[in-house]
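Listed in order, the protein sequences are those of chains A and B.
According to full-length UniProt numbering, the first sequence is numbered sequentially starting from 1.
According to full-length UniProt numbering, the second sequence is numbered sequentially starting from 1.
The reader is advised that the hints may include incorrect statements.
Straight line, CA to CA, 27 Å or less: simulated BS3-like cross-link-like pairs of lysine-lysine [to be verified]:
#	chain 1	residue 1	chain 2	residue 2
1	B	K263	A	K97
2	B	K54	A	K67
3	A	K199	A	K388
4	B	K166	A	K97
5	B	K258	A	K61
6	A	K101	B	K166
Don't read these hints as lab results, they were simulated from the structure.
The chain contents come next:
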Amino acid sequence: MQYTEIMVRYGELSTKGKNRKDFIKQLGKNVKRVLHNFDHLKINARRDRLHVTLNGENSDKVIDRLKDVFGIETFSPAMKVEKDIDAVKKVALEMVKDQYKPGMTFKIDTRRQDKNFPLDTHEINEALGSAIVDNIDGIKAKMNKPDITIRAEFRMNGVFLSSLTILGSGGLPVGTGGRATMMLSGGIDSPVASYLGMKRGVKLDMVHFYSPPYTSEQALAKAKQLTEKLTRFGGNIQFLQVPFTEIQEEIKEKVPEGYLMTVQRRMMLRLTAALTISRHCKGIFTGESLGQVASQTLESMMAINDVTNMPVLRPLTSLDKTEIIRIAENIDTYELSIMPFEDCCTVFTPPAPRTKPNLYRTRECENMIDVKGLMERALDNVKIVDIKPGEEFLNANEDVFSELL
Amino acid sequence: MIYFDNSATTKPDLSVVDTYSKVSKNIWGNPSSLHQFGEQSFNLLEQSRQQIAKILNVFPDEIFFTGGGTEGDNWAIKGTAMAKRKYGNHIITSSVEHPAVINSMKQLEKLGFEVTYLPVDQNGKVSVEDVKASIKHSTILISIMAVNNEVGSIQPIEQIGELLTKYPTIQYHIDAVQGIGKGLHDIIFNDRADLITFSGHKFHAPRGVGFMYKRRGKKVEPLLAGGGQEKNLRSSTENLPAIVAMARALRLLTDNEKEKVAKQAEIKNFIFNYISKFDNVITFSKDNAEFAPHILCFAIKGVRGETIVHAFESYGIFISTTSACSSKKHLTSSTLTAMKIPEEDATSAVRISLDENNTMDEAKKFIQIFDILYEKFKKINA
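All chains, full assembly: derive it from the sequences and hints.
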């Protein structure tokens, strides 16, 4: 069914007292960004509800996008109909038919704010109800827990018919929880951790380490595409591409094999911490899950975390791999994540990394490289791109392709 | 020339052939190669998959490319049998399935599987009650076609799906080769359909390519083992030109599907209403919603189907005896036999099958020729 408007109900933010205004403003902004490529939409974030006027845009597509935006509790697609009872009947009937399966029951729920409408609430209920009963074989009205409820609001500016209540993602609007950096590799875990961070309203800047020629253009494109996937929860995301080749080469050359990984991780965290401060972010998110790999034991975390006193947030700490994969599938990042490109974490993995590195030994090993110089050169060459919903990175040939398809 | 044999195969769309040729010439890298050239092919492959998934409103990882309808049917059936053997050995199908299904079943019977072939009514349809009554503890698979290829009846696949919601362990395969682009999307992709077979050349794509829908999480063993393509479920270097061409063909097919279907139904009903007035004509298809909009099967009593086909051919009109697969073997239609049509009528059966490019003018021409031939055949009959 092609609807004309969508009414969006706010989630948790209804409880947030005086911050409410900011929350609504942020959600309005996020919804606008997520829906940026629908040219004709009108989005109006009001105190009680957010209202999307479709102006002919495809309602199914808009509904699909809204499902993902954090801060939305539920929403209802609606039809604006002229104030003519026959027109209302026709649309109400269509709406029921759209959902009806044999054996279902229905109810009409009328709100008559326009007191000048010739029929009263009771008469409207009866007119719409009988139109439905007369035209659908076997359908019955039921007041208590019907399968289909048609809500008819007779307002001054028209009649609004709605029926479905679609569940939103809940959570808080991205941006209301402050801003943090996220260490995004391109694997399965980091997009899931990003998702969970954003769910609590945190706006994330993605930090991605790029080591050409050890990692390919495709691996970089994949990380960007994953970022794009995550924009649908709250709009544009900044992507920081940090050159890491020189650091990796120097570590490989100078650091004993057992500590390669630990020192490399320390450098990554150090760079991220520096970016976090310079960008006025307030914390670092990572996709680490306790005990999953050598760098994710408590001992390793201690040896790595040693480089910063920034809060390092690890939303996946206690999740099993299968649980992480399930979320990745739900947020549609799994398929992308398992694309087989080498990333910065796998290229220089020694055959037997230390699972319990010693903190003092780690510090000693690190002294073998020029931490300061390496940091400076990497930070000077960070590239920043702003990634919008719907952007394509993996399919650079899209134009050629679309001609073929 | 008037081509009324679209259930046998369709004329490849020119722009689709163009895509095929362009991809063959320019994007010939192996999608599994690591270099940029392979990467480009890989991207195009995945984009084709996404396009198909989007059109059908399913997830891209639920689309698997195959070599066509026969492979899809074989894969769904044998792959399920292999994957679910330890849970049971009973399979339910209908007696009017395509040979790709029936003969796969026969092979499985030799291996010790037990197959129930459901009967059909006078319209060629199975009944949901029969399906229900046949389900046993050991049932692992139900395979039913969406649209019968010989008479065009639409099987109650949605209702069977509803029934199967109570039997979540039974895999449900739908052969939708004749059903695509005929306004049946919602019943084919019902909530319970696990595996659905499609064939490219039935909708203006090249031969040798098709695809299978496999619901997420459903288990099926590969029929082709090898290099691990298609998530290790269908090995073989991807037939990229044909796949891209098919993705395009599907898009063209489903643009304005509603109007196209209405047009085919109008043509079919026009011919149906005309010919069913004649005493010696028996129509096996009907003009109601229980039949697909594009297939019309009828007989002229006392005249062999083959004779009717050649007679029309001499006027440049191409129709067929029931199915293309059986027509050269001089077999009576298995669907009509299952519908308990007497053999002498079944041997007279011919099939008209339409596509979206057929016109009302062609139908009018058809009935003119029909009149001429009917008169001629009267003489033979007398």
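Hint check:
no.: 1; hint: B/K263 / A/K97; in the structure: holds, 24 Å
no.: 2; hint: B/K54 / A/K67; in the structure: holds, 17 Å
no.: 3; hint: A/K199 / A/K388; in the structure: holds, 18 Å
no.: 4; hint: B/K166 / A/K97; in the structure: holds, 25 Å
no.: 5; hint: B/K258 / A/K61; in the structure: holds, 20 Å
no.: 6; hint: A/K101 / B/K166; in the structure: holds, 17 Å
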